[in-house]
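J.: From first to last, the protein sequence lines are chains U and V. Going by this note's numbering, the first sequence opens with residue 1, and the numbers climb by one from there. Going by this note's numbering, the second sequence opens with residue 1001, and the numbers climb by one from there.
Don't read these hints as lab results, they were simulated from the structure. Please note that a few of the clues may not be correct.
As the list claims (entries may be wrong) - Here's a subset of chain V near chain U, in silico, CB distances under 7 Å, partners left out:
hint, residue
1, P1043
2, L1045
3, L1172
4, I1366
Unchecked claim - A few chain U residues that don't get close to chain V, going by computed Cβ distances all over 12 Å:
hint, residue
5, E205
6, A238
7, G332
8, K420
Claimed, not checked - Just the calculated beta-carbon pair ranges, DEER-fashion:
hint, chain 1, residue 1, chain 2, residue 2, range
9, U, V472, V, N1039, 38 to 44 Å
10, V, K1440, U, D132, 48 to 54 Å
11, V, A1444, U, W313, 47 to 53 Å
12, U, K312, V, N1039, 41 to 47 Å
Just so it is clear, CB atoms sit at the ideal spot from N, CA and C, and this is done for glycine as well.
Now for the letters of each chain:
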Amino acid sequence: MKVPLSEQLLFEKAASGSGQFSAEHSLLNREKLVSRVPSFFLRKNEIGLPELSERDLVMHYTRLAGRMFSVDSHFYPLGSCTMKYNPKISEDVSSEEGFQYAHPFQNEDDVQGCLQMMHELEQRLNVICGMDAFTLQPSAGAHGELTALLIARKYFKDRKEERIKVVVPDSSHGTNPASASLCGFHVVTIPSLNGEVDMAALERECTSDLAVFMLTNPNTAGLFEKNIVSICEKVHSAGGLTYYDGANLNALMGIARPGDMGFDLLHVNLHKTMATPHGGGGPGSGPVGVKAHLVSYLPVPFVEKKKDDVYKWSYKRPGTIGMMKSFWGNFGVALKAAVYCDALGFSGLKQASLTAVLNANYLKKKLEDTFTVPFNELCMHEFVMTPHPEKSPAKTLDMAKRLLDFGIHAPTVYFPLTVKESMMIEPTETESKDTLDEFVSVMMQIADEARNQPEKLHDAPLTTYRQRLDEVRAARNPVLKYGDPVDPA
Amino acid sequence: MHFTPHSESIIEEMLKTIGVLNFEELIRTVPSQVRCRENWDEPGLKESDVRKKYRNLAEENEPVTRIQSYLGGGVYEHFIPSVVNHLASRPEFVTSYTQYQPESNQGMLQGLFEYQTLLCRLTGMDVSNSSHYDGATSLAEAVLMALRNKPGKILYSKYLHPHYTEVLKTYLFNDRSCLFEVTPYEGTMTAEAFPKEEEISAVIVQSPNFLGIIEDMISLSEWAHARGAVLIAVVNPVSLGMLEAPGNLGADMVVGEGQPLGNSLSFGGPYFGFMCVKKEWMRKMPGRIVGQTADKAGRRGFVLTLQTREQHIRREKAVSNICSNEALCALRAAIYLAYLGETGFKNLSEECFEKAHLLQEKLSSIPGLVPVYNKPFFNEFAVRIKHKKIASVLSKLRRNQIAAGIRLNQFYHDHANDFLIAVTETKTAENLDYYYEIMKEVLA
Ligand SMILES: Cc1ncc(COP(=O)(O)O)c(C=O)c1O
C-alpha cells in the first residue's frame, strides 16, 4: 500500500534530481580532483541522500511541525523541566551575525563581545546562586553533574582522602546516580521521610568514605528541604562535599541561594531556569558553580577580565579537571540566558520565582480534593499528586494520554520514584490564571471520566496525529532507521 | 521586561484561594536562616535597550563573515541556506522537549528517525543515536563503551583533535594509564608505532586528522580487529560526500562533530555530536534512540526506544548519564542534508576539497612557506613559515582582513612555526588569489 504523501518519510519522496546546491563548477575538475587522492580513499557507492525540491522540503518539515506540542502552542506542565515561555528577543539576539559567525578559534581581539558576555553571565550566576565562580562548559545538567563530581574526585585525591561514596535520596533524578557511577563513585541511595531527606538515614551514611551528597532543593516532590542547613552541616562534618542539582532553581531566585544553604558545588540548567528553549530535547547548558575552595579545579580555559575592560582566555587553574567538551560551552544557549537575565533584572527574576510558586500552589489547591496530594503542605514551584482511588480512579499513564486530547501536554509521570503513580506538575510562572483554570477543569473532567467512562481513558489519545503507540513492540523489534526490517504485527 | 502575566488583583485572588495572605506567607517553608539578604531591586531593561546592549556586544566581534577566514580545527564556516534556518527555527520544534509523550511529538520523533537514517547512510553504519553533546564527548563515551567491553589500551594519534584528547583525559580521570598516544609517521598513524605486547581495547582514528590528513583506516582497522580491539572512527561529516564511509573501512563505531552540517559557528556551540555503531553495540550505546512502531490503529509512528539503557530507568547502572542532548542541532543537520541532497552534498564535499588543494598548491609555490607534510588531505592542511616570525606574518595577513589559520604551537611544541588552513566552499577563486598575493607580499 502506498504511503500517503503527507505521511511519507524523506526517503519515500520520489522527486530525485532536484538537489538545490550549486557548486562553482568552474573550479571543479573531477578527473584532476580524483587524481589527488588514492582511489581507495574515495567513496564507491551512493550515499543515499534524498533529493527534494525546496518546496517539498518545506512542506515536509512544516507538516512535521504541525504534529508537535510545544510551549509556544500548548500548556506544558512537565514537572522538573521548567517549560516556561522562551522570550523571542533571545532568538533575535542570538542570531546577530556577530555571534552566529564568531569562530571559536578566532583571536581574542576579534571576539571581545563573546568573551565579555561569558564573563558577565558567570558573574550574574554567582550572585543568583551565592557561589564564587562558574564554568559555562557543561552542555546540560547531567554534564554539569559529571563536571562537579570530577571536581570532587580531584579535590579528595589532592587531599589524599579515600572517599568513594556518593549519596543520593531515593527521590533524586536518574542522572544523579548515573553521573556518580560514570565518575567511578559507589552510589548509595537513602530513603525519604515525608517527602524530605530522612535525617537518620543521612546520618548513617555520613562516614569517613563519604565524598558527595547530591540533592535538589526544592526536591523532586516540590518541597523545600526544611533541614537544609543541618543536612549540609552533617555532610561537612563528615568531611564530605554538598552538591546542589539546580534543576529546581526556578523556585528560588531572590528567595534563597544554594551557596548560603551550604552547598559547595552546583549546576544550573539554563534551559530551565533561564528560559532558553529546550529544542525538542536539547541543546541545553549546565554551568557549574563552586565555592572558593574549589575554584582552582574548574575546567579551563576561562575568561579573565583584564585592565581597560579587555577580556582574555586564561588557563590559570592549577588543579583543573581539564576540558569537559571541545571549545568553550554552548555559547548560543548561554547568550540567550544572559539576555533573559538582563531583560528581567534581579527584581524580575525574583518575581518569576514567586509567581512560579504561586501558580503551583494555586493548581495544587484546586486539585487536591479530587486527586491525592501525598505531601500536604505548601509546595514550591511544582508538586506531586496521584489519582484518587475513588474520586479519580485511573492509571496515571491513561490520564496523561487523555490530557493530550485536550491539547495539554502531560505532566512528568512516574517520577519521582518515591510516589507510586506520580504526576509531577510544574506550571511555571509564565502561565495565566485562565490557562491554569482550564487545566483544572480538564483534570476534573478526566476524573469524572475515570469514574464514569473509563474506556475513554484507556483509548486515549484519539485526537492526536497518532493514537497510543506501542512502545513494547518498538523495543522488541528495533527499527532504528528507514529500511530496517519490520516484523509483522 | 517581564513575562509573568498576573495583575495585582489576580494575584490577590490566587493567594486567597491558596489560603495565604501574601507572598511572604506563601514561601514560609523556606527557613529564614537561608533567605536572601541581598538587594534584589535591579529592574530589568526595556526590550529595546536589551537589543541595543547586545547589538553593541556583537559589534565588538569581528565575525568570519566580515573577514576572510581560513579557520577550521574541527568546526567550519559553511553556507547555511535560508530554508534550513527557517525550518529549524520553527517554534514547534524549538520550544518542545524530549518526547516523553510520543503521541504529541511525532514531528520531532520522525525528524530524528530520519536524522538517524541519514547519519547511518553517511557513515555506513547500522545504528545512530539521536545526538550527543559534541564530537569530543561522543568520542569519550565511545571509548567508555569499548573499555566496558574489553579492558586494554586506547590508541590514538598525536594528531587526534587536541580538545578531544583533553576531554578523553578528563573522562578517564580514574585510569588514564589506558591512554596510549601514538607518534605519527609523517603525519599519519601507522601500526609500526603501536605497542606490540599490550592488550588493546580500541584504536581511535580521526580522519581527516587534526592536521587535515586522510588516514589509512582500512589497515588500522585490520590491525585492531586482529587483536580483538575495536576501531573508533572520528570523521568530519562533510568529507564523507567524497571519502569512503568508515563503515566500509572496518569501523565499529563512528563519532564526530556535527556542526559542519548546517549549524552556525556560534563561538563553539551549541553543536551536536553524532554516534553511529555496528548493530552489536546497539544496546550498549548512550543517548536517546528513536524507533519505529505502530499505533493502536496500526499506523506507522515513532517513539523513544531501548530506554532500559538510560539513566531514568537504570539510574547508577545506566550506560551513560546523558539526559538532554542536542536534538535541535541534529534536526538542523537532517534538514541541511535533505536540502543539499545526494548531488548537492557531493558537490559541496568536492568543492571544499578542490579549493583547499588549489590554495595549498598556490601557497606552496611561495618561497619561505612549505607544507608540513605531503600527504593526501581533505579541506585542511598545515604549512610552515620558514625564515620569518610566524606571529608577525599572521598578524599582517589579519590586517589585510584574512584570518589565515590556526597556530599549532598552542597544541604542539614541535610545531612552533606552523599553522593550519581550512578552506570551504565559502571562499571564491578571488579570495584564494588574494590570500596567495598577500602571503607572497608578506613573505617577500
Ligand atoms: C532534577 C533533575 N536533575 C537533573 C536533570 C538533568 O538535566 P539535563 O537534562 O539538562 O541533563 C534533570 C532533567 O530533567 C532534572 O529534572
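J.: All hints are to be evaluated individually against the structure, with a verdict given for each.
T.: Results of checking the hints against the structure:
no.: 1; hint: P1043; in the structure: holds, 5 Å
no.: 2; hint: L1045; in the structure: holds, 5 Å
no.: 3; hint: L1172; in the structure: violated, 10 Å
no.: 4; hint: I1366; in the structure: violated, 20 Å
no.: 5; hint: E205; in the structure: holds, 15 Å
no.: 6; hint: A238; in the structure: holds, 21 Å
no.: 7; hint: G332; in the structure: violated, 4 Å
no.: 8; hint: K420; in the structure: holds, 16 Å
no.: 9; hint: U:V472 / V:N1039: 38 to 44 Å; in the structure: violated, 56 Å
no.: 10; hint: V:K1440 / U:D132: 48 to 54 Å; in the structure: holds, 52 Å
no.: 11; hint: V:A1444 / U:W313: 47 to 53 Å; in the structure: violated, 33 Å
no.: 12; hint: U:K312 / V:N1039: 41 to 47 Å; in the structure: violated, 31 Å
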